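K.L.:
Chain residues, written in single-letter form:
Protein chains: 2
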Amino acid sequence: MKIDAVDFFYFAMPTIEDIGDGSQDALLIRVAAGGYVGWGECEAAPLVTIAALICPMSHSACKPVLASILGAPLDSPRDIDRIHAAVHRNSMDVLQADHALSGVDIALWDVLGQRFGEPVWKLLGYERAYPKTAYASMLFGQTPQETFDKARSMRERGFRAVKFGWGDFGTTTPQADRDQVMAAREGVGADVRLCIDAGTIWADDYMQAHARLDALKAANVHWLEEPFHTGALSAYRALAAQSDPVLLAGGEGAHNEHMARHMIDYGGVGYIQIDTGRIGGITVAKRVADYALTRNVRFVNHTFTSHLALSASLQPYAGIREHDLCEYPVELKPLAYDLTGAHLLPDANGDIHLPDAPGLGLTPDLTALKPYLVETDITVGGKTLYKTPTL
Amino acid sequence: MKIDAVDFFYFAMPTIEDIGDGSQDALLIRVAAGGYVGWGECEAAPLVTIAALICPMSHSACKPVLASILGAPLDSPRDIDRIHAAVHRNSMDVLQADHALSGVDIALWDVLGQRFGEPVWKLLGYERAYPKTAYASMLFGQTPQETFDKARSMRERGFRAVKFGWGDFGTTTPQADRDQVMAAREGVGADVRLCIDAGTIWADDYMQAHARLDALKAANVHWLEEPFHTGALSAYRALAAQSDPVLLAGGEGAHNEHMARHMIDYGGVGYIQIDTGRIGGITVAKRVADYALTRNVRFVNHTFTSHLALSASLQPYAGIREHDLCEYPVELKPLAYDLTGAHLLPDANGDIHLPDAPGLGLTPDLTALKPYLVETDITVGGKTLYKTPTL
Numbered sequence: 000m001k002i003d004a005v006d007f008f009y010f011a012m013p014t015i016e017d018i019g020d021g022s023q024d025a026l027l028i029r030v031a032a033g034g035y036v037g038w039g040e041c042e043a044a045p046l047v048t049i050a051a052l053i054c055p056m057s058h059s060a061c062k063p064v065l066a067s068i069l070g071a072p073l074d075s076p077r078d079i080d081r082i083h084a085a086v087h088r089n090s091m092d093v094l095q096a097d098h099a100l101s102g103v104d105i106a107l108w109d110v111l112g113q114r115f116g117e118p119v120w121k122l123l124g125y126e127r128a129y130p131k132t133a134y135a136s137m138l139f140g141q142t143p144q145e146t147f148d149k150a151r152s153m154r155e156r157g158f159r160a161v162k163f164g165w166g167d168f169g170t171t172t173p174q175a176d177r178d179q180v181m182a183a184r185e186g187v188g189a190d191v192r193l194c195i196d197a198g199t200i201w202a203d204d205y206m207q208a209h210a211r212l213d214a215l216k217a218a219n220v221h222w223l224e225e226p227f228h229t230g231a232l233s234a235y236r237a238l239a240a241q242s243d244p245v246l247l248a249g250g251e252g253a254h255n256e257h258m259a260r261h262m263i264d265y266g267g268v269g270y271i272q273i274d275t276g277r278i279g280g281i282t283v284a285k286r287v288a289d290y291a292l293t294r295n296v297r298f299v300n301h302t303f304t305s306h307l308a309l310s311a312s313l314q315p316y317a318g319i320r321e322h323d324l325c326e327y328p329v330e331l332k333p334l335a336y337d338l339t340g341a342h343l344l345p346d347a348n349g350d351i352h353l354p355d356a357p358g359l360g361l362t363p364d365l366t367a368l369k370p371y372l373v374e375t376d377i378t379v380g381g382k383t384l385y386k387t388p389t390l
Numbered sequence: 000m001k002i003d004a005v006d007f008f009y010f011a012m013p014t015i016e017d018i019g020d021g022s023q024d025a026l027l028i029r030v031a032a033g034g035y036v037g038w039g040e041c042e043a044a045p046l047v048t049i050a051a052l053i054c055p056m057s058h059s060a061c062k063p064v065l066a067s068i069l070g071a072p073l074d075s076p077r078d079i080d081r082i083h084a085a086v087h088r089n090s091m092d093v094l095q096a097d098h099a100l101s102g103v104d105i106a107l108w109d110v111l112g113q114r115f116g117e118p119v120w121k122l123l124g125y126e127r128a129y130p131k132t133a134y135a136s137m138l139f140g141q142t143p144q145e146t147f148d149k150a151r152s153m154r155e156r157g158f159r160a161v162k163f164g165w166g167d168f169g170t171t172t173p174q175a176d177r178d179q180v181m182a183a184r185e186g187v188g189a190d191v192r193l194c195i196d197a198g199t200i201w202a203d204d205y206m207q208a209h210a211r212l213d214a215l216k217a218a219n220v221h222w223l224e225e226p227f228h229t230g231a232l233s234a235y236r237a238l239a240a241q242s243d244p245v246l247l248a249g250g251e252g253a254h255n256e257h258m259a260r261h262m263i264d265y266g267g268v269g270y271i272q273i274d275t276g277r278i279g280g281i282t283v284a285k286r287v288a289d290y291a292l293t294r295n296v297r298f299v300n301h302t303f304t305s306h307l308a309l310s311a312s313l314q315p316y317a318g319i320r321e322h323d324l325c326e327y328p329v330e331l332k333p334l335a336y337d338l339t340g341a342h343l344l345p346d347a348n349g350d351i352h353l354p355d356a357p358g359l360g361l362t363p364d365l366t367a368l369k370p371y372l373v374e375t376d377i378t379v380g381g382k383t384l385y386k387t388p389t390l
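Chains as they are written, first to last, in numbering that gives the first Met the number 0: chain V, 0 to 390; chain D, 0 to 390.
Some hints could be false.
As the list makes no split between identical chains, a pair holds if one copy fits it or if it spans any two.
Said to hold, decoys possible - Restricting the straight-line Cα-Cα distance to at most 20 Å, the calculated cross-link-like pairs of lysine to aspartate or glutamate (EDC-like) are:
1. Lys1 x Asp78
2. Lys386 x Glu374
3. Lys382 x Glu16
4. Lys1 x Asp80
5. Lys386 x Asp376
The hints are simulated quantities; they were obtained by calculation from the structure and are not laboratory data. Here the structure is a predicted model, which means the values were calculated and not measured.
Okay, chain V solo, but in the shape it has when bound (with noise of 0.2 Å):
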């Protein structure tokens, strides 16, 4: 097979808020080849990552993004290689082309997995797909109640991990933030897996983190999530080194796989953190899994977003057993919830399976995804090189 065709969708909510949701908005890709379809989205700013696909060229290494993808052959996954390899010597001065190329390898993925009428962790090499215990992913409330509330209301859905972040968390005082993961360890009880995500709140300020280090014991949390910026490699470490029994988690601002390996190296992280989204797709995810293993460090999705997004980011560890956590957005806008018709529910156990039909085994609600459609126009010295294709 040839790729065909490569189209993008952006989508958004009506209104986008000013608060840490990333499901306001998304770019949707579709990849024709050999009469298959397949669809990915990017977990990226939608138009700067259009203009990445579609941009003029400005020199050898400064190509769009599609000027790669385009005309290859799709037979195997070892072409799929040859994409990445290709857009990384075109596109290596386009700083955004790593989000772009991450979902359209979703969609090629989706496409092979078609073509071979296989789910695509079979495609990866896995045997089988393990259950993973979902862990509900949600933003801090305003206050400690509301935060104990929240816990309380997924400890009876029957979560048995959850995640709390953003917020105001890190930016007042310590005891502050001792009081909101305190409600929330009271809120989902002694038996639930509980995590705290800083969102890079305190950049590389070693001191800042290690203030809130007795309270996230004291709370037995699971992993502090993003203390610092994803490059603060020598914070992380100097953190890791005081943070037992808490585990660090990071990684998902790691746009390459070399990003991803310093975090493990060089960090000292417990738990790393993909988006496929972002990393540069399952291919990219796979190899970060692989490494991870041999690392003895966890690997786990990042997801805020849909469902077809969650599918794309738990194919690269679907097969490996022991890594048994799974982010599961909870708070989904409903754009991104209604995204897909299909959805992965947890089971009465709190474990999220993944479909054993080909591809993805998700597709995209087109009617359903219509009214969130942006019509979009880019012109370039009187050249239209984008202009929203028909859904």
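Starting from the known structure of chain V, fit chain D onto it as the hints suggest.
P.N.:
Frame of chain V; chain D shown alone:
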């Protein structure tokens, strides 16, 4: 002062060639504050960078770069630091943000320079700007003979350092590369510093680079640049352990301070090469220069575009006498050369001197630029988010 306006302009040569020449287009940024006007240039894909500046908000950490800049106070370098912190917080998930911020940062320093009547290097705390030995930066010839001729002509023009890169280097055999490197050495003569730029051609393949080391040593090469991707730190480290007396150089791909530090701390480079038009501007480049000094690593600019960009890229290490080399592009396309009316020309010694004039000491020649202007329109959801402003 407050930042009253930020405008940006996309310029391009009528034809963009598929070669490693980054001088074929340009994105210029104009900042107005308190009646002063400053200019900066992004070394980045223009359309993608424009999109990063003006894209609709996706969520609280995925806002357009301009949202953190327009209206912000600008009375001192501390205000520029605050703008950086705001952009990193508010545009954390816009991968292209660092490239966009770079040109804005440069223009902000230019404005402050106008305001205080001082060159930027003085505002950065340097007592004086030391001359830098210009190294002529060129693409390899298509044959060793052509490379020899180019090298000879650079020697005749008085350059005391020359760098060759890209072309076919690294893509065929070690013997072919040896012929090219030897031709370059023969052309420049024994007393000129010769550097070789592999342009990341071996990705992370240590053995490919290792196979060229003997030839590089035999030609008394000063540095080998970018044998690997910026992130391939363990490959850099392994090669650095074998390359003496050839130093490794890298860092142009760094789009934040962390990445540059990683090249130094984990990669073992002897030269850290920073493009102010990519890493986040003069502010971030200066932080890297300060750090390099403490680690006994030499700072050098990366510049392959206009003399406005050249001035911006020399400011961060202007006052460090022992960091004495500077990249000097000698094959600029007319757009990049005509971008400024004045130029930084090597003296009889082959040295470049930064201007004493306020700010960057160079301004764009708008009349000369006009024919290169690329009219650009971006419309999202029926709203025009960008339209090339009046030059």
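K.L.:
Indicate, hint by hint, whether the structure satisfies it.
P.N.:
Results of checking the hints against the structure:
In the homo-oligomer, the alpha carbons of Lys1 and Asp78 lie at most 20 Å apart inside one protomer (10 Å), although the nearest pairing across protomers, at 52 Å, exceeds that limit. Taking the shortest Cα distances, Lys386 and Glu374 sit within 20 Å of each other both inside one copy (7 Å) and across copies (17 Å). For the identical chains of this complex, Lys382 and Glu16 are inter-copy neighbours only, at 19 Å across copies versus 34 Å inside a copy, given an alpha-carbon limit of 20 Å. Taking identical chains as interchangeable, the C-alpha atoms of Lys1 and Asp80 lie at most 20 Å apart only when both belong to the same chain, with a minimum of 15 Å there against 49 Å between chains.
Taking CA atoms no more than 20 Å apart as the test, Lys386 paired with Asp376 passes in both settings, with 5 Å inside one copy and 12 Å between copies.
Against the hints set out earlier in the document, no violation occurs for any number.
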